[in-house]
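*Asks:* One letter stands for each residue in the lines below.
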Amino acid sequence: DTGVSQNPRHKITKRGQNVTFRCDPISEHNRLYWYRQTLGQGPEFLTYFQNEAQLEKSRLLSDRFSAERPKGSFSTLEIQRTEQGDSAMYLCASSFGTSSNNEQFFGPGTRLTVL
Amino acid sequence: AQSVTQLDSQVPVFEEAPVELRCNYSSSVSVYLFWYVQYPNQGLQLLLKYLSGSTLVKGINGFEAEFNKSQTSFHLRKPSVHISDTAEYFCAVIPPGFQKLVFGTGTRLLVSP
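If you read the sequences in order, they're chains A and B.
Position 87 of the first sequence, counting from 1, maps to 87 under our numbering, and the rest follow consecutively.
Quick note: to get our numbering, add 1000 to the position in the second sequence (first position is 1).
Excised from the complex, chain A in its bound form:
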């Protein structure tokens, strides 16, 4: 399967701990996106990369959140000092090209539960 993969699929942590998620995009996709989905809501945009450059960050992405995409391949999303409000599904997507209307392919997500 050559789709977008995300690890781990589930993460349970205690409040105040740091967590890191990984996303592996489809090979040769130059764009990578992070979204967050809470219960009963649609996904909300967090940030996106074109190759290794982080081009846009949402106001939802507080300074406790940091995303990287070294070498323009996989990406990591780290949350420091987690809070219960961070509990959500974190979705990664990738696309090829520079046009905004290119299809974004989504991974299965990482479900975070903060106790």
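Honestly, the hints are just simulated from the structure, not real lab data.
Computed from a prediction, not measured in an experiment: that's the story for all the values here.
Check the hints yourself; a few may be wrong.
Which stretches of chain B does chain A cover? Using the computed rule of at least three CB atoms under 8 Å from a CB of chain A, they are [what the hints assert, rightly or not]: (1) 1012 to 1025; (2) 1042 to 1056; (3) 1072 to 1086.
Cβ-Cβ distance ranges computed for the label pairs, FRET-style [said to hold, decoys possible]: (4) S1052(B) to I26(A): 21 to 31 Å; (5) S1070(B) to S66(A): 40 to 50 Å; (6) I26(A) to L1051(B): 33 to 43 Å; (7) D63(A) to S1009(B): 25 to 35 Å; (8) D63(A) to D1008(B): 44 to 54 Å; (9) T2(A) to I1060(B): 14 to 24 Å; (10) N18(A) to A1017(B): 43 to 53 Å; (11) F1014(B) to S66(A): 21 to 31 Å.
For glycine and all other residues, C-beta sits at the position ideal for the given N, C-alpha and C.
Starting from the structure of chain A, add chain B where the hints point.
*Replies:* This is chain B only, laid out in the frame that chain A set:
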């Protein structure tokens, strides 16, 4: 700010019946429009998209959607649903000049025998 409204949080329907899932967006300028489907424990999958041209767009699995600029709507339809169509459906837009998808809150389609 761009927003998408999906008024129906849940739509129950019997197998082989037609269905329409409603989507309205707020924009005075042209946007790109999308419908995604999310099956349990799976990622979002693109059903169809409208970029320009013909207002009737056909997608996968027998779904189609019609873009109506005057009503700022992009409703999703299927003439005959299957049990396997049970899933969450999301309408989304990409505002002009942006790269991000803006999603609605989703509509859960429940197909029963």
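*Asks:* All hints, please: hold or fail.
*Replies:* To see whether the hints hold, each was checked on the structure:
1. Here's how the region 1012 to 1025 of chain B fares: 0 of its residues keep a CB closer than 8 Å to some CB of chain A, so the rule of at least three is not met and the hint is violated.
2. Counting residues of the region 1042 to 1056 of chain B whose beta-carbon sits less than 8 Å from any beta-carbon of chain A gives 7, enough to reach three: the coverage restraint holds.
3. With 0 residues having a beta carbon nearer than 8 Å to a beta carbon of chain A, the region 1072 to 1086 of chain B misses the requirement of three or more and the stated coverage is violated.
4. Against the hinted window of 21 to 31 Å, the Cβ-Cβ separation of S1052(B) and I26(A) comes to about 26 Å, which satisfies the hint.
5. The hint said 40 to 50 Å for the Cβ distance between S1070(B) and S66(A), and at roughly 44 Å that hint holds.
6. Between I26(A) and L1051(B), the C-beta spacing of about 21 Å breaks the proposed range 33 to 43 Å.
7. Between D63(A) and S1009(B) the CB atoms are about 34 Å apart, so this pair conforms to the stated range of 25 to 35 Å.
8. In this structure the hint that D63(A) and D1008(B) lie 44 to 54 Å apart at CB is violated, the actual value being about 37 Å.
9. Evaluation of the 14 to 24 Å hint for T2(A) and I1060(B) yields a pass: the beta carbon distance comes to about 19 Å.
10. For the hinted restraint 43 to 53 Å between N18(A) and A1017(B), the CB-CB distance of approximately 49 Å keeps it satisfied.
11. Here the CB-CB span from F1014(B) to S66(A) is close to 48 Å, at odds with the stated 21 to 31 Å.
The structure fails to meet hints 1, 3, 6, 8 and 11 from the earlier list, while all remaining hints are met.
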